[in-house]
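Each chain, letter by letter, is given below.
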Amino acid sequence: MRFQSSDFRFQVDMKKRFIPLTVAILVAANFAFSQNDGAEQNKTGRAGTFAIINARIVTVSGAVIENGNVIIQNGKIAAVGAGASVPSGAEKIDGKGLTVFPGMIDAGTNLGLTEIGQGLNASVDTAEVGNINANAKAFTGVNPHSAHVNVTRVNGITTVVSSPTGGLISGQATLINLVGSTQAEMAIEPLAGLVVNFPRIAQFGGFGGGGGFGGQGLQIDFNEAIKRRDTQIDELRKAFKSAENYGRAMDAYAKDKTLPAVLTDLKFEAMVPYVRGEKVIFFTAERERDIRAVAKFVAEMKVKGIIVGGQEAWKAADELKKNNIAVIYTNIYSLPVREDDPYDSLYEAPSKMQQAGIKYCISTGEAGPEVRDLPYHAGLASSFGLSKEDALKSVTLYPAQILGVADKLGSIEVGKMANVVVTDGDMLDPRTNVKYLFIEGRMLPLTSRHTELFDSFKDRKSSDILP
Amino acid sequence: MKRILNLTVTASLVIAFGVIAKAQSGGNVLIKNATVMTAAKGTLENTDILVTNGKIAKIGKNIAAPANAKVIDATGKYVSPGIIDAHSHSMLDAINEGSLAVTSMVRTRDVIDPKDVAIYRALAGGVTSALLLHGSANPIGGQSTTVKFKWGRPADEFPIEGAPPGIKFALGENVKRSNFTPQAGQTPRYPRTRMGTMEVLRDAFRRAKDYKQSLDDFKAGKTKVPPRRDLELEPLVEVLEGKRLVHCHGYRSDEHLNLMLLADEFGFRIATLQHALEAYKIAPEVAKRGTGASIFADSWSYKLEAYDSIPYNGYILWKNGVLVSINSDSDERMRRLNLDAAKMEKYGGVPEEEALKMITLNPAKQLGIDKRTGSIEQGKDGDILIWNVHPFSPYSHVEMTLIEGDVYFDRAKDIANREVLAKEREALEKLDMNKAPGAGGTPPRIPAERRIADRDEADRGDNR
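Just so you know, the protein sequences line up as chains F and X, in that order.
To convert, note that position 348 of the first sequence is 1212 in my numbering; the numbers rise steadily by one, no gaps.
To convert, note that position 450 of the second sequence is 454 in my numbering; the numbers rise steadily by one, no gaps.
These are calculated hints, taken from the structure and not from any lab test.
Just so you know, not all the hints are guaranteed correct.
[Said to hold, decoys possible] Partial pick of chain X residues on the chain F-facing surface, computed with a CB cut under 7 Å:
id: 1; residue: Ala128
id: 2; residue: Lys285
id: 3; residue: Glu289
id: 4; residue: Tyr306
id: 5; residue: Lys307
id: 6; residue: Leu308
id: 7; residue: Glu336
id: 8; residue: Ala346
id: 9; residue: Lys350
id: 10; residue: Pro398
id: 11; residue: Tyr399
id: 12; residue: His401
[What the hints assert, rightly or not] With a straight-line cut-off of 25 Å between C-alpha atoms, the simulated SDA-like cross-links for lysine to any residue are:
id: 13; chain 1: F; residue 1: Lys1322; chain 2: X; residue 2: Gly352
id: 14; chain 1: F; residue 1: Lys1325; chain 2: X; residue 2: Gly352
id: 15; chain 1: X; residue 1: Lys439; chain 2: F; residue 2: Arg1092
id: 16; chain 1: X; residue 1: Lys439; chain 2: F; residue 2: Ile1084
id: 17; chain 1: F; residue 1: Lys1252; chain 2: X; residue 2: Ile419
[Stated by the list, open to error] Calculated from the model, a selection of chain X residues having no Cβ within reach of chain F, i.e. all distances over 10 Å:
id: 18; residue: Gly166
id: 19; residue: Leu235
id: 20; residue: Lys375
The beta carbon of each residue, even a glycine, is placed where N, CA and C say it ideally should be.
Could you put the whole structure together from the sequences, leaning on the hints where they help?
Put into structure tokens, the structure is as follows:
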């Protein structure tokens, strides 16, 4: 049903744009909207001035305000505090018994790039063909109308990084809010970072990063595995150097047109700001030796690096801190790698990173459907050593800081983007309900594919006759 | 490195954790002063539980400790029944015999591995019992095994004595082999459609009926020669006779309904619809037949037939009177079923005790072991968990897991053991045989890891 209706809508939209409409088509189009896509229509919610009154406010950046107001205006948090005055005409929300939190941020997803991963390739846009795909942009692949968008945000996750996968250089990730009818409307930072699958020592085939430590197939000699890894790092280094040279040649040509024009190479062009250290690079790496190798590479290339994955990052704290490398930790729901690893080794890792002074945040590392579990990842980290305060920060302020957007996101502070979640309890608790949701100051309906199906079937009676 | 060390490390692991397994109470334990969530008769504050010879002998206040009982002070802690996972492939050295459409003759009982570390990790997440199911590659799969996770014990002690036998059925994408391309020279296996799937099932039960007829005729003296024993049809005759439980993997509600209609026709009841992520669409029909649903709390969208899955499924089924359990189908997810149960409170508003039952008493009922386990009641097995805080809290973890009054997981001891294990590991790594290939040592022969290869296949969707 879903596919049919959205296919139909797409056709109608195209006609609206390119072909003079007949009345019949108009009627059909309106009929299609109201029949199938009620929630789609109000998907982007409504703007306005909102005042959440007498709520408990967990600012994250500062102390908890036990009873105060949060004012949302022009898409931003306009005032916070016990004495924050309510502008005239503001829509009031009774916050009694409710708690206000900043929206959660998942910095390590592929949300919007895959609708259904298995058996439906038509809906999968995560990995391009080839090894170096720096110019592939998640920004142009993310589907604003994925059902995952609403399902995720109604659980309090307002912002995600969506990353391409595969190859050696996968492409560029995008930082988006989970609201908007177009990719541009969603984007906070369309090109948020370059994704590099840092080569690892793999004795069982497989290549690049990702979560696993080896695919299937025959085991290869350890020295051979190191050699293969080094060959791949050489390839990566070459690509970085070429991009640097490309950027230099472009600059030179811009200054002096008598020089030969540089032939366009979109891949190198895309890499220039990253190899110059102007923008961050996400390196996927899990094990200590691979994380140390990333640190070495970052130092050698003088780039800005972030580790994605980070199972054993705490073991390489010295190198990470020295090179100012943060970790987007995606392994709360992973099984320990070795049979004799402590059963809670991956639950404990965030706490160990905290103790070691590594800058980190917690991410689901999920493709889309399960990104809404982000609060429970943080909760689990907290049941194994992390303080509750740090657990909350690890999915709000810390990812904002790591992504360089803490001036806009991650806490309830005046002037920040109004990504605000109002709940009836602890946001990390699986029993808690989200009561109100704002992204960029827009009040969003708490509907999703799931609530729509729930409403359709919750009262169904049987027509079945038992023999 | 991981696999190089497997040989020796696995051995040491079992020895090291074996220390825990041996330091047991002999089934006599007194848990003092806990908040006890019984999963049957509410939550009791400041309550003691006495387990004698593995059975819960007494629940009450200020119970005096018998001389032989190990006393555990659980002041300020929560106690719940052990979690039961009604869909697991842990411990299995092989999961799918997918060569035929009907493989009712194969038994998971023959391939259980008591040294699978997944068991220990599951215990640490509070799972004490599980239904070990065959995979979902064929309409009629193999026979299941209902076990308690008695880590450190021989394989023979895992299956629960007296648990009704079961069998796995499956419908939909996996059965059609939708996501598997036959290798060169391989004939595609029938069925390839949902139509064919139903015909495979019908054919199998018609043949089983014929077989039963010939058995009955022989027993009644109508025929002189006994029918040749048929290991494929024997379990299906047991299904017809209500002696073997059918657990059927499926997603689309129409398929599960068609299966139940077929069962109506042949006069048996389906024990559980497994996954059943669309069962909310046919909740009254499921309820009317007394069929249970064993679901994921909220997984969805990982394959087309899981696209209509909603987290309110459990609530709608529960409201319609269906017996609902929440399962994992995963060594990973198995470790956090308490949080999956907690989600049932959020989605629709299942009351706390009913949500807890979905991972304890309800699966016990679905597996026919509720007389022994699934709740904290006098006379039942001492399958008990001690939690640091309320098990539905995101900050909860298991401190101790008891099966029949014996401690099988103890977080404090696990932590205390780590230093010893780390030293042992270090020593083992230095052995010549464990040096990395090419680093001077002789590489040991890597054992064929059939189980892990099968899991990889499972990751590609063979089992969910």
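These are the hints, each one checked on the structure:
1. Ala128: holds (5 Å)
2. Lys285: holds (5 Å)
3. Glu289: holds (5 Å)
4. Tyr306: Result: holds, 6 Å to nearest chain F Cβ.
5. Lys307: It holds, given that the least Cβ distance between X:Lys307 and chain F is near 4 Å, below 7 Å.
6. Leu308: holds (5 Å)
7. Glu336: Nearest chain F Cβ about 5 Å off; hint holds.
8. Ala346: Since chain F brings a Cβ to about 4 Å from X:Ala346, closer than 7 Å, the hint holds.
9. Lys350: Holds, about 5 Å.
10. Pro398: holds (3 Å)
11. Tyr399: holds (5 Å)
12. His401: Hint on X:His401: holds, closest Cβ of chain F at ~5 Å, below 7 Å.
13. F:Lys1322 with X:Gly352: Holds: F:Lys1322 and X:Gly352 sit about 10 Å apart, inside 25 Å.
14. F:Lys1325 with X:Gly352: With a Cα-Cα distance of about 18 Å, the restraint between F:Lys1325 and X:Gly352 holds, given a limit of 25 Å.
15. X:Lys439 with F:Arg1092: Judged against 25 Å, a Cα distance of about 20 Å means the pair holds.
16. X:Lys439 with F:Ile1084: holds (14 Å)
17. F:Lys1252 with X:Ile419: holds (22 Å)
18. Gly166: Holds, since 31 Å exceeds 10 Å.
19. Leu235: About 31 Å separates X:Leu235 from the closest Cβ of chain F, which puts it past 10 Å; holds.
20. Lys375: Non-interface label stands for X:Lys375: nearest chain F Cβ at 28 Å, farther than 10 Å.
The structure shown violates none of the earlier numbered hints.
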